[in-house]
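Assemble the complex: chain A is given as a structure, and chain B must be docked to it using the hints.
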Amino acid sequence: MDYADDARSPAIAPDLGRGRDAVRHRPGIRGAEWQLVLPLGLFYLLFLLAPIGVLAVVSLFKDRTLSELSLIQYATFFSERLNYVILLDTLRLGLITTAVCLLLAFPLALAYHRVGRRLRPLLMFLIILPQLTSAVVRTFAWIVILGREGIIDRSLLALGLAPAGLLYTTSGVVLALTQIQLPLMTLPLIAGLARIDQRLLEASQSLGAGAWRTFFKVTLPLTLPAIIAGSLLVFTTSISAFVTQSIIGGGRLTYMPKYVYDLAMGAQNWPFAAAAVMVLLSTVLIAVTAFNRVGQASLRRIEG
Amino acid sequence: MMYDLTRRSMMKSLALGAGAAFGARSLIRPAFAASEMVAATYPGAFEESYRKVLLPLVKKETGAQITLTPVLALDQVAKIAASRANPPFDVALLDEGPMIDALPLDIFAPFPADKSKSNGELGAPFQSKGFGPTVTVQLIGIAYNPKKIATPPTSWLDLWKPEFKGRVGLPDIESSLGTVFMVEVAKLKGGSEKNLEPAFAALKELTPSVGAIAPNPGALGTLFQQGQIDIAPFYFNNTLLIAEKGVDIAFTKPETGLVLVRTSMHIAKNTKAPDIALAWIDGATNADVQGQLQAAPYYLVPTNSKTMFSEAITKVVGGGPDALLKNPIPDWPTINANRTAWLKEFTALVRG
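In the order they appear, the protein sequences are chains A and B.
Each residue of the first sequence is one higher than the last, beginning at 169 in our numbering.
Each residue of the second sequence is one higher than the last, beginning at 76 in our numbering.
It should be emphasised that the hints constitute simulated quantities derived from the structure, not laboratory data.
Note that this is a predicted model, so its numbers are computed, not measured.
Among the hints, a few may not be true.
Here are the simulated lysine-lysine pairs, BS3-like style, with alpha carbons at most 27 Å apart [unchecked claim]: (1) B:K279 / B:K236; (2) B:K134 / B:K381; (3) B:K390 / B:K320; (4) B:K154 / A:K230; (5) A:K230 / B:K381; (6) B:K401 / B:K264; (7) B:K269 / A:K230; (8) B:K223 / B:K279; (9) B:K204 / B:K222.
Examples of chain B residues lying across from chain A (beta carbon under 10 Å, computed) [stated by the list, open to error]: (10) G172; (11) I248; (12) S251; (13) Q303; (14) T415; (15) A416; (16) V425.
Here are the simulated distance ranges between beta carbons [said to hold, decoys possible]: (17) A:I220 / B:T144: 26 to 34 Å; (18) B:A362 / A:P207: 52 to 60 Å; (19) B:N413 / A:L325: 40 to 48 Å; (20) B:K344 / A:S408: 34 to 42 Å; (21) A:V222 / B:A412: 24 to 32 Å; (22) A:V222 / B:T144: 53 to 61 Å; (23) A:A326 / B:A156: 53 to 61 Å.
Positions of the beta carbon are idealized from the N, C-alpha and C atoms, including for glycine.
So here's chain A without its partners, still in its complex pose (with noise of 0.2 Å):
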């Protein structure tokens, strides 16, 4: 176990997994340090926060033509069961793939810091190898992949086995989202288990706990922070893949992107659209922020 002395290497991946400095010591934005974000703030403002701002008042209009304030879509948001089956599809959708990316990610960044230095490299290549093409492209190959005609379902018909027919289904969309994904968790857990002091586990092991015990008592709870991270970028970029969730979910699986685009672009119900944006953007936030302080707390625990 030599996590510790790995802290300068992976330099590519982000700083993510500050765990206990973070926790202890949070400095604020002193000074003139305000100066430094000014660029990204602007850039968030104008291109993020203003485009959000047009949608939420366009949610509180009547009709396209926006002439008469109403709260009627909200309230038409609230009183039909399909919207809510989409909207916490949708976040089911999210905590699966989250949940598969982990379990798959963890012995993945485990396994980055155990190898050798020179295979190191080679690894890290792979691990951002989904990374490197485009999501559309990679997409596109899993329908190929999936399909009835796919790679899968040919081989296990050769082998005499049922065909798993798993394009536009559930378990495709998870699969392929798990892919794109999965170097959004692997690269913070490598980067949070580089930041843990080596002389633990080796206290842990010579205190008696064995490989098994010292990761679950030692190493889980302080790459908390790196996993919540991780967590967080998958699972808000899973639930608002339009691409793959639309072309390997087909037209049968609807999650909210989908369903908004289609309120949006087909039947042209700019308002009802934009409300229902307004909805999935509230609630991923009250997600992201309870995770957020779970995590906190819990590692509040650990450092108590």
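Only chain B this time, still in chain A's reference frame:
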């Protein structure tokens, strides 16, 4: 030194060239007040064919600087609506559904039909009615895999035949294609654009055993290619395009007729170049131009009655421009009024 010389001579010849072009332009085109015009077009076959056939022609006729910009329907409407006083496009190209939705936004100028050279030559349902004329129609019929289905299907209801169980592809109702299919099924079952319930009832029987419900019309082509489906409602031009790429797919006209979706061109309100915009639309509706636009690989079906149909189009329409007019054109204003409700009903139904 060498560089300097080259640059200087380049600048000189550029200046000369620009001057010559400017002089020539002011000489040949006194009839057109403005000298620039931006025409919106859909990306793909529309853009390619207009750039190749229409653009050089109208440039020559007007001497104007014409820019062809590929933009999707809703973006055209949104961008013109956002800048009414100075519209970013002088001509919009829109399908029937989005066009009717755009009317309340009041972004189009009335079409000067009396000044138009070709409007009068168009089939009656394609001529300007206040706003711009129909430049082409998309044909919706049934696409099938001739290797798997020996007898061409004859009715929309053939999709319900037991032998096609698990092989049927359906478009999402979000698209014009999916909406048109539902309307045609409703009509066969005693409904109409006003009452889609019979189609929903029929769909309820079909959905548990369909091969796939495509998230967008383009995905149907992929599904045919992947062998996931063998029969589906589809567009004529899309069918021919993928058939050319070696996919086993053929197109047939149901006995109730091909459904026509009209694609029209409109002059933006407050355009600075109304004359050039008119010349552009006249070009797109010109009999000779439409004769060229109907060729492979564009397959833009002519709306000018004087254009002789190509072999491929004659075959599917079953005759010339007169035969084309016998096909149904859905009532889009009624359809658009109900789309949100239908979208929700369809989404809930196919989720099972």
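Verification of the hints:
1. B:K279 / B:K236: 14 Å, holds
2. B:K134 / B:K381: Holds, at roughly 23 Å.
3. B:K390 / B:K320: 20 Å, holds
4. B:K154 / A:K230: 22 Å, holds
5. A:K230 / B:K381: 46 Å, violated
6. B:K401 / B:K264: With Cα atoms ~21 Å apart, K401 (chain B) and K264 (chain B) stay inside 27 Å; holds.
7. B:K269 / A:K230: Given that 27 Å is the threshold and the Cα spacing comes to 23 Å, the pair holds.
8. B:K223 / B:K279: 25 Å, holds
9. B:K204 / B:K222: Roughly 44 Å separates the two Cα atoms, so the pair is violated.
10. G172: This interface hint holds because 8 Å falls under the 10 Å limit.
11. I248: With a minimum Cβ separation of about 7 Å from chain A (threshold 10 Å), the hint on I248 (chain B) holds.
12. S251: 9 Å, holds
13. Q303: Holds, about 5 Å.
14. T415: With a closest approach of 4 Å, the T415 (chain B) hint holds.
15. A416: 9 Å, holds
16. V425: 5 Å, holds
17. A:I220 / B:T144: 26 to 34 Å: 27 Å, holds
18. B:A362 / A:P207: 52 to 60 Å: This hint holds: roughly 57 Å between Cβ atoms.
19. B:N413 / A:L325: 40 to 48 Å: 44 Å Cβ-Cβ, so the 40 to 48 Å window holds.
20. B:K344 / A:S408: 34 to 42 Å: Hint holds: Cβ distance 36 Å, inside 34 to 42 Å.
21. A:V222 / B:A412: 24 to 32 Å: 26 Å, holds
22. A:V222 / B:T144: 53 to 61 Å: 23 Å, violated
23. A:A326 / B:A156: 53 to 61 Å: Holds: the Cβ-Cβ distance is about 56 Å, inside 53 to 61 Å.
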